[in-house]
Amino acid sequence: MPAPAMHGEGRNGVPLRTRRILMHAGIFLTLVLAWEIGARAGYLDPLFYPRPTAIVDSFIRIYITQGNIWRHLYVSLGLVFAGFAAGSILGIVLGSLVGFNALARRFVKPYVLVLEATPRIAVAPLLIAALGFGAQSKIAIIMLVCFFAPFINTLAGVVNVNEEKLELFNSLGASKFQILTKLVLPEAVPVIMAGERLALTASLSGVLVAEFIQRDQGIGSLILIYTRNLNMASAFACIFTLTVVGFLIFKGMEMLDRYIAFWNNETGMARVGAARKARWEN
Amino acid sequence: MATADSRVRDPVVGGNSVGKTFAGGTVVALENASFDIEKGSFVSLVGPSGCGKSTLLRLIAGLIEPTSGSLQVHGSKVSAPRQDVAMMFQRATLLEWRTAIENVLLPTEIQRRVTADDRNRAMELLQLVGLGEFAFSFPAQLSGGMQQRVALARLLQTGADVLLMDEPFGALDEFTRERLNIELLRIVGEVGATTIFVTHNIAEAIFLADKVYVMTPRPGRLAQVIDVPLARPRELAVQTSPEFNRLVEDARETLGAL
Ligand SMILES: Nc1ncnc2c1ncn2[C@@H]1O[C@H](COP(=O)(O)OP(=O)(O)O)[C@@H](O)[C@H]1O
Ligand SMILES: [Mg+2]
Numbered sequence: 008m009p010a011p012a013m014h015g016e017g018r019n020g021v022p023l024r025t026r027r028i029l030m031h032a033g034i035f036l037t038l039v040l041a042w043e044i045g046a047r048a049g050y051l052d053p054l055f056y057p058r059p060t061a062i063v064d065s066f067i068r069i070y071i072t073q074g075n076i077w078r079h080l081y082v083s084l085g086l087v088f089a090g091f092a093a094g095s096i097l098g099i100v101l102g103s104l105v106g107f108n109a110l111a112r113r114f115v116k117p118y119v120l121v122l123e124a125t126p127r128i129a130v131a132p133l134l135i136a137a138l139g140f141g142a143q144s145k146i147a148i149i150m151l152v153c154f155f156a157p158f159i160n161t162l163a164g165v166v167n168v169n170e171e172k173l174e175l176f177n178s179l180g181a182s183k184f185q186i187l188t189k190l191v192l193p194e195a196v197p198v199i200m201a202g203e204r205l206a207l208t209a210s211l212s213g214v215l216v217a218e219f220i221q222r223d224q225g226i227g228s229l230i231l232i233y234t235r236n237l238n239m240a241s242a243f244a245c246i247f248t249l250t251v252v253g254f255l256i257f258k259g260m261e262m263l264d265r266y267i268a269f270w271n272n273e274t275g276m277a278r279v280g281a282a283r284k285a286r287w288e289n
Numbered sequence: 009m010a011t012a013d014s015r016v017r018d019p020v021v022g023g024n025s026v027g028k029t030f031a032g033g034t035v036v037a038l039e040n041a042s043f044d045i046e047k048g049s050f051v052s053l054v055g056p057s058g059c060g061k062s063t064l065l066r067l068i069a070g071l072i073e074p075t076s077g078s079l080q081v082h083g084s085k086v087s088a089p090r091q092d093v094a095m096m097f098q099r100a101t102l103l104e105w106r107t108a109i110e111n112v113l114l115p116t117e118i119q120r121r122v123t124a125d126d127r128n129r130a131m132e133l134l135q136l137v138g139l140g141e142f143a144f145s146f147p148a149q150l151s152g153g154m155q156q157r158v159a160l161a162r163l164l165q166t167g168a169d170v171l172l173m174d175e176p177f178g179a180l181d182e183f184t185r186e187r188l189n190i191e192l193l194r195i196v197g198e199v200g201a202t203t204i205f206v207t208h209n210i211a212e213a214i215f216l217a218d219k220v221y222v223m224t225p226r227p228g229r230l231a232q233v234i235d236v237p238l239a240r241p242r243e244l245a246v247q248t249s250p251e252f253n254r255l256v257e258d259a260r261e262t263l264g265a266l
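Chains A and B are the protein sequences, given in the same order.
For the first sequence, our numbering begins at 8 and goes up steadily by one.
For the second sequence, our numbering begins at 9 and goes up steadily by one.
Worth flagging that the hints you see were computed from the coordinates, not collected in a lab.
There could be a bad hint or two in this list.
[What the hints assert, rightly or not] Lysine-lysine pairs mimicking DSBU-like chemistry, simulated, CA-CA at most 30 angstroms apart:
id	chain 1	residue 1	chain 2	residue 2
1	A	258	A	183
2	B	85	B	47
3	A	189	A	116
4	A	183	A	116
5	B	47	A	284
6	B	47	A	172
7	A	183	B	85
8	B	47	B	219
9	A	284	A	172
All values derive from a computational prediction rather than experimental measurement.
Work the whole structure out from these sequences, hints included.
Put into structure tokens, the structure is as follows:
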């Protein structure tokens, strides 16, 4: 809900926010126009820098008249969510297990350091060799790039439990299980969510790498095919599509984070506080 | 010197030559502490930092074990945290994802299934500390003083009759602290609990207590016991009385002679 009183008023009574939006739109349009003119006047090689209007044409073609991008988008996003879910759940589960167990922690630590220093993508061809072509190896690649951030963050969240709160729980005679469920895990939620955000962003890169290697279907292979055929306008349309998808995913995660870790924001506390009050009263 | 106090009629908390060392015996946090604390009394532990105040509280709470000597609460040896003893810390240590009332209910949740009676009791306690209106606020929505009140309500919700308080209002500004101290006296009086209150402020220690244990560091020791015969209920004005100032001087002398 907009709260106009909260925003400053600029000159002529136009709200600052509106002015800022207008300014950004102006700059953007100027850049696009310069690109269009540059391309038409021959300053930009049309082979590599297609005209904005040509990109718009491609958008219309791949989304509406030809409509071929939907299938690829569907396939890629399906892989992203499967790989992300599997990879991050694995990361959270292993992270908590290792975090709780001092012995496991010591055992796992060197491997974590090695894995942290290795670019995960480098392992992708090996995974394909091991698992063969097909969805499994693509999901495995995404899992691989998704696993690490949730794993490390969960581990850190579990290990760095607040000493004073732990002392409180001990003084109350809490069991290990109560300490886990009532203190350690809830306290780790924000840092785990931060790991999930990184993982989801990584999974988008992961699916592209997987599809660049196995060019059968998906947005990644579509980009590759368009580029090979020197259909740069369509390739750009695919890339901008990914920009939008990435933005939506990021925003979605941000909202989910605010929803789950509600105690870190005012609106969340107001919402949950009211709900708990209602529950208390009946 | 250690103080085996024979005048105590009904001891609730007792220590016999309690000692605690850390780091393989190289740090003597507490040495040869003997004491008896009377039922329903208010005892202050005062001394500079590092003199073993927190260590003594944690020993009584059963959070750590003595290296030598022994401790009893209600006549039984302390070997682990127990339900008749509860502790409050310098920081409120509230769980940020729980409302005030849910924080107050935590001790009950840990002990057993929460009943309607428990919930009513928790609400009463929040009202007792003046936060009835804020039962469904989260810690981040409360001021430091209010958070500490919630922690106090949580302390009382445990049902323990021995309350250990480790500089509970030490992180608050002086005005808030004085107000909370007055309320604390009213509340523990109402509940009838035995209270051991740690502070490094001599005047605060005397103002609150029936008995003040003055502690000295390196090694941590109970150096002196001061009886505080000031009438109750006490008001802030008592701090300007000659009697009060004599008691303050008395404690200063012990601490100054280090
Ligand atoms: N867990 C610990 N490990 C090592 N030394 C400790 C530990 N706890 C306390 N000490 C030491 O014991 C002494 C007394 O500490 P403490 O009881 O916290 O004092 P106070 O609460 O009076 O400031 C200090 O020298 C402190 O450094
Ligand atoms: Mg201390």
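Against the structure, the hints come out as follows:
1. A:258 <-> A:183: Roughly 36 angstroms separates the two Cα atoms, so the pair is violated.
2. B:85 <-> B:47: holds, 17 angstroms
3. A:189 <-> A:116: holds, 27 angstroms
4. A:183 <-> A:116: Distance ~23 angstroms between residue 183 (chain A) and residue 116 (chain A) Cα, so the pair holds.
5. B:47 <-> A:284: At roughly 38 angstroms apart (the allowed maximum being 30 angstroms), residue 284 (chain A) and residue 47 (chain B) break the hint.
6. B:47 <-> A:172: holds, 29 angstroms
7. A:183 <-> B:85: holds, 24 angstroms
8. B:47 <-> B:219: Roughly 12 angstroms separates the two Cα atoms, so the pair holds.
9. A:284 <-> A:172: holds, 25 angstroms
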